[in-house]
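Peer 1: Fit chain B to the known structure of chain A by using the hints.
Going line by line, the protein sequences match chains A and B. Throughout the first sequence, residue numbering follows our numbering, covering 1 to 258 in sequence. Throughout the second sequence, residue numbering follows our numbering, covering 1 to 304 in sequence.
The hints are simulated quantities; they were obtained by calculation from the structure and are not laboratory data. Treat the numbers as computed from the prediction; the structure is a model and nothing was measured. Wrong hints could be hidden among the right ones.
[What the hints assert, rightly or not] Which chain A residues face chain B? A few, computed with CB under 8 Å, are given here: (1) Ser6; (2) Tyr13; (3) Ser21; (4) Val25; (5) Arg51; (6) Asp55; (7) Val89; (8) Pro93; (9) Thr97; (10) Asn163; (11) Asp217; (12) Ile250; (13) Leu257.
For each residue, glycine too, the CB sits at the ideal point set by N, CA and C.
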Amino acid sequence: MSEVKSYFIVLKYSYLELIKSKILVQMIIMGIAFVSVIYVATEFSYGVPHRMASDFGLGLISLSCVGISIFLGVTLISKEMENRTVYIVLSRPLSRTSFIFGKISGMALILLCNVLVIGSLALSYCHLLGGEVGKVMLLALLFTFIESILVLSVTILFSLLVNSVLAVIGSITLFIVGHVLTDTMNFIELRISHFPHLIVEAISYLLPNYSKINFRDYVYYDQLIPSSYIFNAFIYGITYIAFILILISIIFRNKNLD
Amino acid sequence: MLELINISKKFKTDFWSKEFTALESVNFEIPEGKIVGFLGANGAGKTTLIKIIMGFIKPNRGNVKFDHKLGKNRNEIFNNLGYFPERPYFYPSLTGKEFLEFVGQLNGMKKASIQFKVKEWSQRFNMEKYLDRIVRSYSKGMLQRLGLISSVLHDPLLVILDEPLSGLDPLGRKEIRQAIGQLKDEGKTVFFSSHIIPDLEEVCDRVVFMESGKVKYSGEIDSLLSSNNQNFKIRVYSDCNLEIKSNVVEKKRTEKIINFEVSASVKDAFLAEVLSQGAQILSVSLEIKSLEQVFYAKENLINV
Chain A
1 MSEVKSYFIV LKYSYLELIK SKILVQMIIM GIAFVSVIYV ATEFSYGVPH
51 RMASDFGLGL ISLSCVGISI FLGVTLISKE MENRTVYIVL SRPLSRTSFI
101 FGKISGMALI LLCNVLVIGS LALSYCHLLG GEVGKVMLLA LLFTFIESIL
151 VLSVTILFSL LVNSVLAVIG SITLFIVGHV LTDTMNFIEL RISHFPHLIV
201 EAISYLLPNY SKINFRDYVY YDQLIPSSYI FNAFIYGITY IAFILILISI
251 IFRNKNLD
Chain B
1 MLELINISKK FKTDFWSKEF TALESVNFEI PEGKIVGFLG ANGAGKTTLI
51 KIIMGFIKPN RGNVKFDHKL GKNRNEIFNN LGYFPERPYF YPSLTGKEFL
101 EFVGQLNGMK KASIQFKVKE WSQRFNMEKY LDRIVRSYSK GMLQRLGLIS
151 SVLHDPLLVI LDEPLSGLDP LGRKEIRQAI GQLKDEGKTV FFSSHIIPDL
201 EEVCDRVVFM ESGKVKYSGE IDSLLSSNNQ NFKIRVYSDC NLEIKSNVVE
251 KKRTEKIINF EVSASVKDAF LAEVLSQGAQ ILSVSLEIKS LEQVFYAKEN
301 LINV
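Okay, chain A solo, but in the shape it has when bound (with noise of 0.2 Å):
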């Protein structure tokens, strides 16, 4: 049996566990009352509802899948360890590499159906509005989903290091930190000297930077994209996600499991 099988045969019944904890009908029903705030919200706009639509929606996404990176999240691999179902599944011929990996990707399908459900409702309800779905807002779905990996992978390492609730209010710090690290910087800039400067700079390099990756601006603003910021955004994502799941691999492959 292959290492690849075997993460495939986890992620499947890793994402059949969840989709059978009804957690598909809560997305719908979570999507449903989105739609009825963003109605509300239209409601209060003047002439452009469909660009309310647009932006709440996005942001409800962003909401959702964030908090479902989280809570979900911090509990995924803990879970499994204080139910002790880690041990019958770790007493198979498999490593604990292709383990949370399937987990992991399990959780990731999860997040992808919420944004698919979730933004297809949204985005259907700003069409009808007479809003344009254009390439910009799926391109801001795209990015919301990568941004809710990498929030998931945050939360996870967090959750094997730390207990539950720090590893909760970690990631909640380091995913309003990661917003406003790049306005922080140009504002630093102007106000600080050179060293300290130079210090907050490396910082800004470990922790994960998501505002890098944050496109609803560019629906909001309805600003054109340059094809190198959409790769270069891209890149960093998928490359921060890689160094993430690497350390929770190698963390995960040498924690005793007591």
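Peer 2: Then chain B, alone, in the frame of chain A:
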């Protein structure tokens, strides 16, 4: 099949606390084709040792040696190994069937083979009608049975069970004990832990007894029972006072009937003494100590 060489393990409950020793220089082996019971009170270190065997935690010292028949690398060995954890828990939203398909596929089994084995084992454990229900709805006994099926589905050579009889009703315990016996008949090696001695005595060939992280005894149950003093209970009827020179213990006396506890070594001399004084021997019976009695008198443990 499996050998544990000088395994030691220490734990720290938190950063500031002192280390405590969970296992100390544990050495024993599990021979092929035998049922070996792993006995010890709660907190003796049984589960810790089993986790070390399964690679879930690393020992501070020592190693675990698997027989070459199980395989050359980790994947091969674990394909020939079945494991059942203490107080198992399964994915609650999957059905029993889905869970067994999951673990069967991880062991490289084909779908048809999984279906055949699931049917075979579920019939043995009366689980067939429950397999389409989600695991969340299972009782404790059903979870134990499901766990046991998952551990033997892929036809392993070595089966390691951690407290498989825990929480079961008497009928359930009987079924599991019978299943363990059947595994031995099929040529498998079984290593299972329990803190209930009569269960072990009924099915096991060998026993490993652990206390406070140390192995107190490892060997055949029959040898252990026979090597401990087996006494005779002798009832004697006498009209007059008997003068007994043999080293015996008088257990009970009514008017003319006396009960003696006599060791095997002095039995013949004692009988001759009693008969020479005109007393009558009413009965002679061998007092066979159970495993439970032997272990409760721990100073009598002799390692074979």
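Peer 1: Taking each numbered hint in turn, which are not upheld by the structure, reported in ascending numerical order?
Peer 2: Checked against the structure, the hints that fail are numbers 4, 5, 6, 9, 10, 11 and 12, while the rest are satisfied.
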